[in-house]
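Student: Here are the chains, one letter per residue:
Number of protein chains: 2
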Amino acid sequence: MSLLRKTLQSSLSSLKQVRHVLAAPKKLSLDEFDGPSIKTDIPGPRSKELLRELNSLSTTHEVQFFCNYEESKGNYLVDVDGNVFLDIFMQISSLPLGYNHPALLKVLNDPANLSTLVNRPALGNLPPADFPLRVQNSLIAVAPKGLTNVKTMACGSCSNENAYKAIFMWYMTKQRGGAPPSPEELETCMYNKSPGAPDLTLMSFTGAFHGRTLGCLATTHSKAIHKLDIPSLDWPIAPFPQLKYPLEEHEAENRAEERRCLDQVHALFREYTSAGRPVCGVVVEPVQAEGGDNHASPEFFRELRAITKEYGAAFLVDEVQTGVGVTGSWWAHDLWQLDDPPDIVTFAKKMLGGGYFHTEEFRANSGYRIFNTWLGEPSKLAMCEAVVKTVQEENLLENVRQAGSVLLDGLKHLQTKYPTQLENARGLGTFIAIDCKGGDAHRNKILTDLKRKGIQSGGCGERTIRCRPALIFQPHHAEMVVNAMDEVLAEQA
Amino acid sequence: MSLLRKTLQSSLSSLKQVRHVLAAPKKLSLDEFDGPSIKTDIPGPRSKELLRELNSLSTTHEVQFFCNYEESKGNYLVDVDGNVFLDIFMQISSLPLGYNHPALLKVLNDPANLSTLVNRPALGNLPPADFPLRVQNSLIAVAPKGLTNVKTMACGSCSNENAYKAIFMWYMTKQRGGAPPSPEELETCMYNKSPGAPDLTLMSFTGAFHGRTLGCLATTHSKAIHKLDIPSLDWPIAPFPQLKYPLEEHEAENRAEERRCLDQVHALFREYTSAGRPVCGVVVEPVQAEGGDNHASPEFFRELRAITKEYGAAFLVDEVQTGVGVTGSWWAHDLWQLDDPPDIVTFAKKMLGGGYFHTEEFRANSGYRIFNTWLGEPSKLAMCEAVVKTVQEENLLENVRQAGSVLLDGLKHLQTKYPTQLENARGLGTFIAIDCKGGDAHRNKILTDLKRKGIQSGGCGERTIRCRPALIFQPHHAEMVVNAMDEVLAEQA
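Line by line, the protein sequences give chains A and B.
Take the position in the first sequence, starting the count at 1, then add 173; the result is the number in my numbering.
Take the position in the second sequence, starting the count at 1, then add 173; the result is the number in my numbering.
The hints are simulated quantities; they were obtained by calculation from the structure and are not laboratory data.
One or more hints might be untrue.
Intra- or inter-copy, both count: the list cannot distinguish identical chains.
[Stated by the list, open to error] As a list, the in silico DSS-like pairs of lysine-lysine whose alpha-carbon atoms are at most 30 Å apart:
no., residue 1, residue 2
1, K366, K482
2, K279, K246
3, K212, K246
4, K221, K318
5, K610, K590
6, K347, K396
7, K366, K221
8, K482, K590
9, K221, K562
10, K347, K482
11, K221, K246
12, K200, K347
Predicted model, so just to flag it, every value in this text is computed and none were measured.
Looking at chain A on its own, in the form it has when it is part of the complex (with noise of 0.2 Å):
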């Protein structure tokens, strides 16, 4: 039996061996629509008329139509011209627990959290009372194996960025063996200049999103219009294998890509390293979902931490999209039974807030090295507390999954019935996605009928669908998607 196969019937039985232990899930009872129900052409004229004044005090490219959130409720969202959507790209993958969850109503309507909201600490110098508690049981009720600290950001890429500085940070301290920066480094780095700000890099693949700020854009490898114009870094981008879907069906020319991709990336170490630079980290997404939805093998993450320790570099897993359960499990990287854990995890969208896991070594060696005015948001942390309990006790997790084999089996069924259409229909959890035959045009044709008919979902790399709904979407809407998704490519057809 191959290795590949091995680890993924491994990692299957650990799911089954979870979800053993767990009940089965209570069939939610969710207040919500009976399905979608579309009044009027998309945007209606009243997101047009919203769309016409907002535009004259900002730019509306990417406006779809505007919201009515008092209306929504659970996997539907209600647009300013009431219209009901099933919602299954959740604010670009955002909401945990879709609209107006009576959990998270429940946090806000409570006093006691109001004055977190009107008094916004700067949470680094003067924390309130209940801060170490809610981060417990929060957080760190869901900390990554092996990862015991935690710093809090406001978004995906400030969580990044300050990742990525605790990673340079953590790798000249090494360097300096205990010592302090010398005078030299301390004048030079307030210029830009080496010594003090040295020329170290982090490694990143092709297809990658890590953010838009100018330290993650030199990561993010996944759009052109992303990077246009923008200057950047001379930083190490190995390529992301590119597999072929489905995965057990080409397990031969899958492993040989990775290692292909694998063999760069150990190329790119040597190349960087002897030219004086340094490669101090590796940044991944256990899925590219901006590029793509591009998976890999469990077998290639773990070769990847292997070879980021025999460099001596740090391993950064970017959970942003893949984390709190939509693959089944909290966080995606569980499914690759690491024998040593990432370093870093960084987080933000369907936690609520933004951040970073990391092991003791990466905690910053003095006062304001990483730190900034807000750092984060308490109330933040008082609905990711809400978030956490409910997933545990309404066991989301095996909703998540049950799901989701739903649904990736009904766009299974979908790309047999349409081969000239669909392929590659993949994914973990509910984290799924298809590729369109027929190109962006046709998948954005795809996408554009799919509102109409009352499906809210969204497009990632060149000609992908994807999908990412909420923990609470359940295996009857993710027939309602495919039975959509059926008339939509029937009238294509």
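Use these hints to put chain B onto chain A, whose structure you have.
Tutor: Using the frame of chain A, we list chain B on its own:
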């Protein structure tokens, strides 16, 4: 009469005119404490206990003590040991109306605002129905003259990062003269290479602070500890004027110093441009805050603005700390009376969320170039709207000018009384600072002793004490600060 003096007088007379138009401020009726009250060591026993708890989960180098935000009121911060501080630092200058202001409590008690908190939208894609009106009533209502557009962001660093990107995009769009990007540009940018990721630069000043993410950090030059070990970009860094205070007594020297710095700005534009590394913009704070409360004259800024025009570069004013009324004007750069407004003005902190104002010219020319998942948060706009309304209704700018005048006069008196300890009292509105002659250690001792007397203040630069009270800080609070400082200085003498 010198130009500098003319300028100052003209600024003053414009202020006077404003005063004339506005009614004298009502004496604010605030529900707050009569004065500070300190019962324990700082940090007290409960704070120490919580510090130990938090330190097992996260670094805590910067924690001063833990707070009871429910009990804090107006200008007074209450800690977990029951100590009451008169707070003139206000969460690193980020609370506009002090603690638990009724106008903000009202916003968050309004059930209509609950859904924007629970259902945080991807604002760029799916804004709520009231978003255009909210933007109008909060941000646009106080937009700097000439800047009709705004983009919302989550924090100060993201605001500057995206403003920098907007400048680079604007510059390259001009260069192309309407032509689309070349295939070579679209390909090379994916690998961080020129011409797609061009070698453009942005000028900043010694002593500046614009944030800590990698792009911002390349323009931050206030303290080595912020920059040490982080790779950076070779961008031009001009000297910021080191003026002598009081400004009116050192006119000729200060004018010469500003001339020297402006000559260097010219030289750097020429040097970088001739090296094929165009300087696309200049970023500057109206008063360098973190760098030590360094002032420059309106004349200096007017000439800087003219220089950017001359070289076809953008002029970005970072008002993250100086904005929102603290100088006695809504924006500090209002006092410069520019003929041409800045191209971009960034904000955060007291605006309660981040973003940047800009002219029509700086609108992104296509979708997803300036974008992220959340793009700020609508609930912050609802609060900002209440701040704008409260400042207007309660005439808080005039209050700031009056309280600031009492505080600055008091500090000037103290520096005369303690000439071996203090010098350089300076400020605009309540944005006030004073230097400690004994350097870092002396400054930190005074800050600690002030805390023991119930005054919560902050430091900046190497030896400066900075005052950053809320807009509801009144003359009688200023007197308390001066009296407490008098006692502290007398004990040191």
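Student: Hint by hint, note whether the structure agrees.
Tutor: Here is what the structure says about each hint:
For the identical chains of this complex, K366 and K482 are neighbours both inside a copy (28 Å) and across copies (29 Å), given an alpha-carbon limit of 30 Å. Proximity of K279 and K246 under a CA criterion of 30 Å is satisfied in both settings, with 15 Å inside one chain copy and 25 Å between copies. Taking the shortest Cα distances, K212 and K246 sit within 30 Å of each other inside one copy (18 Å), while across copies they are farther apart (49 Å). Taking identical chains as interchangeable, the C-alpha atoms of K221 and K318 lie at most 30 Å apart only when they sit on different chains, with a minimum of 29 Å there against 48 Å within one chain.
Only within a single protomer do K610 and K590 lie at most 30 Å apart by alpha-carbon distance; the minimum there is 14 Å, versus 81 Å between protomers. Taking the shortest alpha-carbon separations for K347 and K396, only the inter-copy value of 22 Å comes in at or below 30 Å, while the best intra-copy value is 35 Å. In this homomeric assembly, K366 and K221 never come within 30 Å of each other (Cα to Cα): the closest approach is 51 Å inside a single copy and 40 Å across copies. In the homo-oligomer, the alpha carbons of K482 and K590 never lie at most 30 Å apart, since the shortest distance is 46 Å inside one protomer and 62 Å across protomers.
For the homomeric pair K221 and K562, the shortest alpha-carbon distance between copies (29 Å) is at most 30 Å, but the shortest distance inside one copy (40 Å) is not. In the homo-oligomer, the alpha carbons of K347 and K482 lie at most 30 Å apart inside one protomer (14 Å), although the nearest pairing across protomers, at 46 Å, exceeds that limit. Taking the shortest alpha-carbon separations for K221 and K246, only the intra-copy value of 23 Å comes in at or below 30 Å, while the best inter-copy value is 44 Å. Taking CA atoms no more than 30 Å apart as the test, K200 paired with K347 passes in neither setting, with 52 Å inside one copy and 58 Å between copies.
Checked against the numbered hints listed earlier, the structure breaks hints 7, 8 and 12; every other hint is satisfied.
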